[in-house]
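Residues per chain, in single letters:
2 protein chains.
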Amino acid sequence: MSAITIMAVLQAKEGKEQELFDELQKVISPSRAEEGCIEYTLHQSMDDNGTFAFYETWKDEAALQAHIESTHYQTYRLAVEGLIEKREVHRLHKVAQ
Amino acid sequence: MSAITIMAVLQAKEGKEQELFDELQKVISPSRAEEGCIEYTLHQSMDDNGTFAFYETWKDEAALQAHIESTHYQTYRLAVEGLIEKREVHRLHKVAQ
Numbered sequence: 001m002s003a004i005t006i007m008a009v010l011q012a013k014e015g016k017e018q019e020l021f022d023e024l025q026k027v028i029s030p031s032r033a034e035e036g037c038i039e040y041t042l043h044q045s046m047d048d049n050g051t052f053a054f055y056e057t058w059k060d061e062a063a064l065q066a067h068i069e070s071t072h073y074q075t076y077r078l079a080v081e082g083l084i085e086k087r088e089v090h091r092l093h094k095v096a097q
Numbered sequence: 001m002s003a004i005t006i007m008a009v010l011q012a013k014e015g016k017e018q019e020l021f022d023e024l025q026k027v028i029s030p031s032r033a034e035e036g037c038i039e040y041t042l043h044q045s046m047d048d049n050g051t052f053a054f055y056e057t058w059k060d061e062a063a064l065q066a067h068i069e070s071t072h073y074q075t076y077r078l079a080v081e082g083l084i085e086k087r088e089v090h091r092l093h094k095v096a097q
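For the protein sequence lines, the chains are Y and F, in the order given. Read the first sequence against full-length UniProt numbering and you will find it ends at 97, with the numbers running on by one and no gaps. Read the second sequence against full-length UniProt numbering and you will find it ends at 97, with the numbers running on by one and no gaps.
Hints are not guaranteed to be accurate.
It does not matter which identical chain is meant; a pair holds if it fits inside one copy or across any two.
Said to hold, decoys possible - The list that follows gives simulated cross-link-like pairs (lysine to any residue, SDA-like), each with its CA atoms no further than 25 Å apart:
(1) Lys94 with Gly36
(2) Lys13 with Gln65
(3) Lys94 with Gly50
(4) Lys26 with Glu14
(5) Lys86 with Ala33
(6) Lys86 with Ala96
(7) Lys86 with Ile6
(8) Lys26 with Asp47
(9) Lys94 with Glu19
(10) Lys13 with Cys37
(11) Lys86 with Glu35
(12) Lys59 with Ser70
(13) Lys59 with Met46
(14) Lys94 with Glu23
(15) Lys16 with Glu35
(16) Lys94 with Tyr73
(17) Lys94 with Asp48
(18) Lys16 with Asn49
(19) Lys59 with Glu34
(20) Lys16 with His72
(21) Lys26 with Leu78
These aren't lab readings, by the way, just hints derived from the structure by calculation. Note that the structure is a prediction, hence the values are computed from the model and not measured.
Construct the entire structure; sequences and hints are all you get.
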């Protein structure tokens with residue numbers, strides 16, 4: 001089974017930018033500590049400080065699933081529920097070159 | 001000046017998936033060879049084979065500008081003009097952690 005890369009672009013609700021940013025940062029280190037995590041990087045848009053993006057790579061589908069079911073991810077999803085205007089998630093494979 | 005990360009998600013026009021994929025692959029090695037290129041990775045969606053994504057990091061704004069003005073990038077943009085249904089580009093900074 002091959003590695004899975006996630007690109008997730010998140011748009012904060014108006015006035016919730018900092019609150020969302022704080023919650024997003026909390027989930028980075030526990031996610032990176034997961035056994036199946038290859039990379040996990042948070043970004044903030046240069047053009048709109050309410051837009052954030054995660055770029056993550058997981059060893060395989062099982063590792064991604066374990067992440068989604070983890071306590072820290074579930075806590076994070078609850079914490080950001082009222083803070084997100086729009087969320088776009090892409091499940092990707094890297095094209096070898 | 002800090003590094004700039006680009007996330008670009010591209011959707012092929014119906015029936016143009018393979019043609020777009022071929023053109024996208026051509027631009028990888030000359031882009032990686034550019035002096036200011038830190039990373040440059042192409043992805044294909046697991047859920048829709050007409051959706052592709054670039055994840056790129058450039059040393060600074062000048063490096064990104066040089067890339068955009070490069071012959072290989074200009075050639076690529078011309079070659080894919082009639083092949084792309086939708087393009088979404090985010091200019092990002094990595095959040096240090």
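Indicate which option fits the pair lysine 59, serine 70 if close means a Cα-Cα distance not exceeding 25 Å: within, between, both or neither.
Intra 16 Å, inter 35 Å, cutoff 25 Å: intra-copy only.
Please sort lysine 13 with cysteine 37 into within, between, both or neither, judging by C-alpha distance up to 25 Å.
neither (29 Å within a copy, 33 Å between copies)
25 Å Cα threshold - placement of glutamate 14 relative to lysine 26:
Cα proximity of lysine 26 and glutamate 14: one copy only (21 Å, versus 40 Å across).
Evaluate lysine 86 and glutamate 35 at a C-alpha cut-off of 25 Å and name the case that applies: within, between, both or neither.
neither (29 Å within a copy, 36 Å between copies)
Could you figure out if lysine 94 and glycine 50 sit no more than 25 Å apart (CA to CA) within one copy, between two copies, both or neither?
between (27 Å within a copy, 14 Å between copies)
Homomeric proximity label, lysine 59 with methionine 46: Cα distance no greater than 25 Å
For lysine 59 and methionine 46, the Cα distance is within 25 Å only across copies (15 Å; inside one copy 30 Å).
Measure nothing new, just compare the shortest in-copy and cross-copy C-alpha distances for lysine 86 and alanine 33 to 25 Å and report within, between, both or neither.
Classified as neither; 27 Å inside a copy, 36 Å across copies.
Can you give me the call for lysine 26 and leucine 78, within, between, both or neither, at a CA distance of at most 25 Å?
Answer is within: at 13 Å inside a copy they meet the 25 Å cutoff, but 42 Å across does not.
Using 25 Å as the alpha-carbon threshold, which applies to lysine 94 and aspartate 48: within, between, both, or neither?
Cα proximity of lysine 94 and aspartate 48: across copies only (14 Å, versus 27 Å in one copy).
Is it within a copy, between copies, both, or neither that the alpha carbon of lysine 26 lies no farther than 25 Å from that of aspartate 47?
For lysine 26 and aspartate 47, the Cα distance is within 25 Å only inside one copy (23 Å; across copies 29 Å).
Please work out whether the CA atoms of lysine 86 and alanine 96 approach to 25 Å or closer within one copy, between two copies, in both situations, or in neither?
Result: close only across copies, 24 Å inter versus 31 Å intra.
Up to 25 Å CA-CA - glutamine 65 versus lysine 13, copy category
Neither. Shortest intra-copy (27 Å) and inter-copy (31 Å) distances fail the 25 Å Cα cut-off.
Of the numbered hints stated above, those contradicted by the structure are hints 2, 5, 10, 11 and 15, listed in ascending order.
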